[in-house]
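*Asks:* Sequence:
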Amino acid sequence: MRNAQEKITGAVQALPPTFNTVYSHASDISFLDEQMEIFSTKSSLVCSLFYMLLICCFEFHAIRFFLSHEPHKGSISPYVGNLIFLKELILSNNSFTDEIPPQIGHLRRLQSLILANNSLSGEIPANISSCSNLIEIHLSGNKLVGKIPNTLGFLSKLQKLGLYKSFLTGTIPPSFGNLSFLVSFVALENFLNGSIPESLGQSTSLNLFSVGEDMLSGAVPASIFNISTLTALDLMGNQIQRSLPSDMFKTLPNLQIINLGLKIHNRIHSRVRIQCLQFGTIYCCRRQPNLTSSLFAEAL
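With full-length UniProt numbering, letter number 151 in the sequence shown gets 151, and the count goes up by one each step, no holes.
Hints are computed from structural coordinates only; laboratory data are not their basis.
Misleading hints may appear alongside valid ones.
[Stated by the list, open to error] DSS-like cross-link-like pairs, simulated, lysine-lysine; straight-line CA separation at most 30 angstroms:
no., residue 1, residue 2
1, Lys147, Lys73
2, Lys73, Lys87
3, Lys157, Lys147
4, Lys143, Lys165
5, Lys147, Lys87
6, Lys73, Lys143
7, Lys87, Lys143
8, Lys157, Lys87
9, Lys147, Lys250
10, Lys165, Lys87
11, Lys165, Lys147
12, Lys157, Lys143
13, Lys250, Lys157
[As the list claims (entries may be wrong)] DEER-style ranges, computed between Cβ atoms:
no., residue 1, residue 2, range
14, Asn193, His69, 30 to 36 angstroms
15, Thr171, Pro78, 28 to 34 angstroms
16, Ser75, Ser205, 32 to 38 angstroms
17, Lys147, Ser119, 18 to 24 angstroms
18, Asp247, Ala126, 35 to 41 angstroms
19, Ser217, Asn127, 27 to 33 angstroms
20, Glu123, Asp247, 39 to 45 angstroms
21, Glu198, Ser95, 38 to 44 angstroms
A quick note: this is a predicted structure, and the numbers were derived from the prediction, not measured.
Ideal placement from N, C-alpha and C gives every residue a C-beta, glycine not left out.
Can you build the whole structure from these sequences, using the hints too?
*Replies:* Structure, rendered in structure tokens:
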């Protein structure tokens, strides 16, 4: 840790005078996104600013690192793993490339990991599970490879997991049944295969389950229809077999959106379609649900 501090602190001397001025007045900041307003030409300075923010975060025990909707390119520095007081890492809507640094697994206080809508590649680091206080993970809109790590199922406080359109393969980990506080799981438009694990029915807080346009097969586990908190169910564009239970609205009283796709639609009991009308449920059989809906927006 001492060597890391010397390297980061020493880097201050290499920054332009403008950045040193900001650094010298940064002792009272815990939220650093306001510093962006200091610069009149953010796009030309954003790369240096990223490292300046790293330095400020490290020196002053910042709890939030926010750099969103900026034209930053390049990789996420592994030095981010030294920000041990960090609770929120928000780097969404940039142009970051390369892999997610595994050093993020050192951030034991981290609660929010928001890296959505970049060009990140490689696998999701399995050691993210070491961040035992994580409440939300959003990695949607990247160019990831590989499987969803089974170790994410050990994040006992996790409430939101957004993996929309991230090029992921493999199966939905059965360990996700351990996520008793999971509220939303959005993994549509990936290449997930296999069946939906029966254990997922143990996620009794689940509101939103969206795996549309994947490659899932098999039957929808009966346990899913016992999650009384479920508000939106999106299964469109998969190879799901077997029809849905005709009494599903008795066990899913809060269901507002059900998106099945034409293949499943042709096999469901007509009573289910009638019940959709009776219960005021938005029923889709040929199109994706409106992703700007408040049910989906927070999870993407």
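*Asks:* Which hints, by number, does the structure contradict?
*Replies:* Of the numbered hints given earlier, the structure breaks just one, which is hint 9.
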